[in-house]
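Chemist: Chain by chain, the residues run as shown.
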Amino acid sequence: MSNAKQKEPVTIVDSVETLEIRLAEIRKAQEQYATYTQEQVDAIFRAAAIAANHARIPLAKMAVEETGMGIVEDKVIKNNYAAEHIYNAYRNVKTCGVIEEDPVYGVTKIAEPIGVIAAVIPTTNPTSTAIFKCLLALKTRNGIIISPHPRAKASTIAAAKIVLDAAVKAGAPAGLIGWVDVPSLEMTNMVMKEADIILATGGPGMVKAAYSSGTPAIGVGAGNASAVIDKSADIINAVNSIIHSKTFDNGMICATEQTIIAHKDVYDAVRDELVKRGCYMLNDEEKDKIRRTMLINGALNAKIVGQRPVTIAKLAGFEVPEDVKVLVGEVESTSVDEAFAHEKLTTILALYKADSFEEAMDKAEQILVNAGGLGHTSSLWVDEVNEREKIMTFADRMKTCRILVNTPSSLGGIGDLYNFKFTPSLTLGCGSWGGNSVSENVGVKHLLNIKTVAERRENMLWFRTPDKVYFKKGCLPVALSELRDVLHKKRVFLVTDSFLYKNGFTKVITDKLTDMGIAYTVFSDVEPDPTLLSAQKGAEAMRSFEPDCVIALGGGSAMDAGKIMWVLYEHPEADFLDMAMRFIDIRKRVYTFPEMGQKAYFIAIPTSSGTGSEVTPFAVITDQTTGHKYPLADYQLLPNMAIIDTDLMMSAPKGLTAASGFDAMVHALEAYVSVMATDYTDGLAIRAMQLIFANLPTAYNDGTNVAAREKMATASTMAGMAFANAFLGVCHSMAHKLGAYHHLPHGVANALLLTDVMRYNASEKPRKMGTFSQYKFPHALERYCECAKACGVTGETNEEIFEKFLAKLEALKETIGIKKTIRDYGVDEKAFLDSLDQMSEDAFDDQCTGANPRYPLISEIRAMYLKAYYGEEK
Amino acid sequence: MADVLTFPVPGKLYFKKGSLPVALRELRDVYRVSRAAVTADEAMRHDGRIDAVTRVLQDLGLSYAVNSTSFTAEAAIAFGSHETWDALPETGLRIIIPTRIDTIGAKAWLGADMVILDEDVLHDDTPLPVQRWQILDNARRSLKGENASDYTLAWAVQAMRLVFDGDDSAETLLHAASLARLAYAAAVPGDARMGTEDLLDDAAAALCTTAHALEQRICGYAVTALGDR
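Chain order of the listed sequences is F and D.
The first sequence begins at 0 in numbering that gives the first Met the number 0 and counts up by one.
The second sequence begins at 0 in numbering that gives the first Met the number 0 and counts up by one.
Keep in mind the hints are simulated off the structure, nothing from the lab.
Take the hints with a grain of salt, since some may be wrong.
[Said to hold, decoys possible] Derived EDC-like pairs: lysine to aspartate or glutamate, alpha-carbon spacing no greater than 20 Å straight-line:
| no. | chain 1 | residue 1 | chain 2 | residue 2 |
| --- | --- | --- | --- | --- |
| 1 | D | 16 | F | 100 |
| 2 | F | 263 | F | 354 |
| 3 | F | 788 | D | 166 |
| 4 | D | 106 | F | 466 |
| 5 | F | 472 | D | 196 |
| 6 | F | 302 | F | 287 |
| 7 | F | 775 | D | 167 |
| 8 | F | 472 | D | 145 |
All chains, please: the whole structure from these sequences, using the hints.
Modeler: As C-alpha cells, then:
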C-alpha cells in the first residue's frame, strides 16, 4: 500500500493526524445518515438505547473502577436512565424531514441535522453522559465525536462503542460515532473547532473554551444548589430527600444540593433528622480541616469529588464511622472565602440558619453570586398547599434555570423522574446567568436545524356595513319608528351643527321623537372641523343626559363629532393618542378599540352626498390647541344604523353639492384602485361612479331635481361602503393636509389633487408598489380603465382610455364649478411653499397612504402638491 | 311601494383562502365565547372535512359539540349546505361557513353574524357552465325583486361582470356566486314576491350594453349549461 492516499484504518485516535482522519470518517458517515428516513432513524435509536441499557451494570462498574469516584449501583441507575428515559422522551418525536405541516396557513417545517457534534464528557458521569449524547445524535441524524475526560476515557469510550455497534447493526453507517482515545488539550480544542456544534459538559473553564472556539456551543455551568427549608416544610420529607439526593452517586450530579438553608424555627428539627438518618455534624476543628481539603488554591480538590465521608475525612485528617452518609458543616458566611459555600460535588453539605424566608433567599442568592452556580438549580421545601405564594416569591428571586419544589434536586433536576413534564437530560443549560445560550434541559431540538417553508397567502378580507341601512326619499320618519317599536329606546341625544339646527333640519326628527314619546336633547355646537374640545363638551352633556341612543345628523363634521362624543361617553377612560395610533393592518393593530354600543345605539343621518361617514368606521377630530388632526379608524365606530333620506339633501347649496359630490367620486375611485379592493367594494364603487357622472351635473345645476339628488345620495353612501372596507389612498392623505394647512373644503381639495394622483398611481413602473399580499403587481392603470369603460369611455389602448377618463373627470369638475388649481382658490404662494415640506411629510404619514397602490416617497407627494398648486410641472 | 328600502348584508362577511381559522379566532378574541355548537352535513363528518372547523375550535380552547341537540352554547356554527344554515337557532352568535355553492337559502346569510367564504372548504363540483349560469340567473332575478335597489343592482352587475370578463378561478366564481346570491337575498323578499319594476335596463347600461343584448348573452350561458347536463 504505497499509495499515499490510501491510509491505514485508524484504530487509535491519539494525535492530530489520526483525529483528522476520524473526523472525516464521521462526517462521511453523517452525510449518508442525513438521508435516512424517520423510520430508519427510530429503529436505530431504539436498538442503541436497548444495547446501552443492557450494558448498564458493566459500564457502571467500569466507570467507578476507572475514576475511583461514585457508587456502582447509582451509576447503574444513571446509565439506565440515560437509555430508557431519553428513548421514551423522544421515541415519537419527529426529527427527520417534514416535522410539521399546515396546508391552511401554508407553512411547512423541515428538520435537518447540524452535522458533527463534539461531545465533551465529564469524569463525574462518563458513561451516562456518553450514552445520552450519542442517543441524541442518533435521533437527530448527526454524527458525534467524543472527547472524554482523561480520568474516565476507558469507560466513556466503552459506552460510546456499545452505542455505535448497536446502531451500525441496526443499519446506521459505520463510523458515525467516534472518539478521542488519548485525550489532550490540543485535541479537545481541535474537536471543538472542527465540529458543527459542541455539547460541552464540564467545569466553567472547559465551557468557556467551548464558547470561545468559534463553533456554536451548548454548554452547562457549575451548580451550587441551595435547598431552602421553609418553616412550613415537611421536615422529614425534606431532610430524607436531600440526603437521598446528595448521596446519589456520592453527590456528583451538578444539580445536587450543596447547602441547606433552614428557617430558624425548624433548624433544630432539621439538624436532628440529619443526624438520625446517618449524617455527621462536623465540629469547628473538623470544619477547618475540611475547608483546607475542599479547596486547593480556590479550586475544588479533585480527590474529594464523588467520595464517601469516610474517605473525605481521612483525606482531611480525621475519622468518621464508615456508615456516615453526609458530612454537614454548620456555617454562617456566604462569602467567597467560605469554602462550604462552594460547589462540592461530593458528600458534603453546608447548613445555614436563616431568621426568615427573606433572609433564606438572600443567603441562597449570595451563595450563587459569590461562590458560583448562577443559572443552574435551586430548591425549596415548603407547604405547597398553604404557602403557595412563597413558591412564586422564591421563583421570582432565584436566578437559576431549574427551581425544584419539594423535590430532591439531583434526581429532580435531570427531569422526568420527579416531574414528568420536565425534559429528561444530562446536559442542563444555565442561561445567560451561567454563560450559556440555553436555559433549559438540552434535548433533540437543540441539535437540529429547522427550515421553515412559507407559501404566499393573502390576508383575510371582509365586507362590513351598519346593521341597518335605510334609504329612500321620505324614509326618515319610517326608519325612526324602529326606535320605539323594535329597539325600545327612551332617550335620544341628537348631535348636529348649528346651521342645520337653526334652519329647522332637526324638526322632522324631533317631531317624530315627540310623537313616539321619546325624550331627547339637542347638541348643536359642532364646528366645520370638529374639535376635541367640542366633542368633550358633547360627551359631558351626554353623561348628564344619559341617552340610550345617539343620532348624528349632518355632514361629515357632525357625524364624526357624534362618533367621537359617543366614544368619550361610553369610554371616558380611553386614551385618544392610543386610539389614533397609525397601523399597517387594522386587524393586527397594537391598540384594541373598546367595545362600543354598551350604553347607546348610534344612528347616522347624512345631509350631504357626501362623506359617506354614515357607513364608515372612521372619524376625524382636531385638537384645537395644536391643530393636529386625529383620525380614528375602527369598526367599533361603525354606526348601528344609517338613514339616507333624500329630503334632507334637497336644499344643499351648489358649492356643497359640488364639493361633496366630487368627494364621493374620489372615494369610489380610491377604493377601486386600493390594494385592499375586493369584488364587494368594486361593485359598489363602480356603480357609485356611474351614478355620479350621470347625476352630479343635474344635482348641481338644478338642486330641486329629486331623482338626481336621490341618485347622488345613493352614490355617496355606496362609495362610503366601498371605502369603509377597501380604504382610500394618497389623494385623501394629501387632501386632508391641504385642508388642514390651507383651509380648502375637503371635496375641493380632493378634486384639485385627483388627476395628478391618478397619473402618479397609473405608472406601470412605479418607484414603489403598495405592500399587501393580494396586490401582486402594479396594475392601477388597468383598474382605472375598468372604471373608465364602465363609465362609457372607449379607446384602443389602456393609455388612451385612461387619458379620456381623466378628461371626463376634468370636464365634470368644470361643470360643477371646481377651479383648476390650488392657487385659483386664493392660497397664498409663499404660505403654500413655506408649508410644503411639512405638509408633504404629514400627508405621507396619513393613515390613508397605506392602501394606495403606489407607495409614495415624500418627495413625490411634494411634487404632486406643486403641480396641483401651479397647474404645471414646477 | 315601500316607504323605505334597506340593503341587508351579513353582519360580517369574511373571505379569502385560509380565512376560516383567522375568522373563527374572533370567537375567543372578540366575542369571548367558550362553547360552540356545530351543525354539519353528515358528509362533512364522514370524510373528516369537519376537522377544518373542529381543529380550530380545539386550538382556541373552546368546548364544542357537533350535531348535538343537547349541547348549549353561546355560538352556533353552520358548516355545510343550506340545511345547516336553516337549522341555526334564533339567538346567540350565528356563524355560517358554506361548503357548497348552493343557489338557495341565501336569506339565512342575512341573519348571520358572520359568514366565512373560504375556498379551502367551499368547493363546487358543478360543471363550470352550470355554475356560470346559476350566477347569472340569480343576478338576473335579483333585478326583478320587490326590494331591488341600486345597491343590489351594483352587486348583481358585478357578479355578471365577473362571469363575462373574469377568469374562471375558484376565487372569482366563489365571489361572483356570493355577490349574486346576496343581491338576490336582499332584493327578493322571503316569499319570493317579484316587484313591478325590472332593473334590467339600468343593469344593461351599467354594463355598457343594451337590455336586449344582455338578455341574449345570459341566454347563451343558459344554453351552454343545458348542453352540459
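Chemist: With reference to the structure, classify each hint as holding or not holding.
Modeler: Hint-by-hint comparison with the structure:
The straight-line distance between the Cα atoms of residue 16 (chain D) and residue 100 (chain F) is roughly 17 Å, inside the 20 Å bound, and the hint therefore holds. Restraint check for residue 263 (chain F) and residue 354 (chain F): the C-alpha separation of about 5 Å stays at or below 20 Å, so the hint holds. For the proposed pair residue 788 (chain F) and residue 166 (chain D), the alpha carbon gap of about 18 Å is at most 20 Å, so the pair holds. Between residue 106 (chain D) and residue 466 (chain F) the alpha-carbon distance is near 15 Å, which keeps this suggested pair within the 20 Å criterion.
Distance hint between residue 472 (chain F) and residue 196 (chain D) is fulfilled; the C-alpha atoms sit about 18 Å from each other, no more than 20 Å. For the hint linking residue 302 (chain F) to residue 287 (chain F), the alpha-carbon distance of about 17 Å falls within 20 Å, and the restraint holds. With a CA separation close to 18 Å, the supplied pair residue 775 (chain F) and residue 167 (chain D) stays within the 20 Å bound. Restraint check for residue 472 (chain F) and residue 145 (chain D): the C-alpha separation of about 17 Å stays at or below 20 Å, so the hint holds.
Violated hints for the displayed structure: none, as all numbered hints are satisfied.
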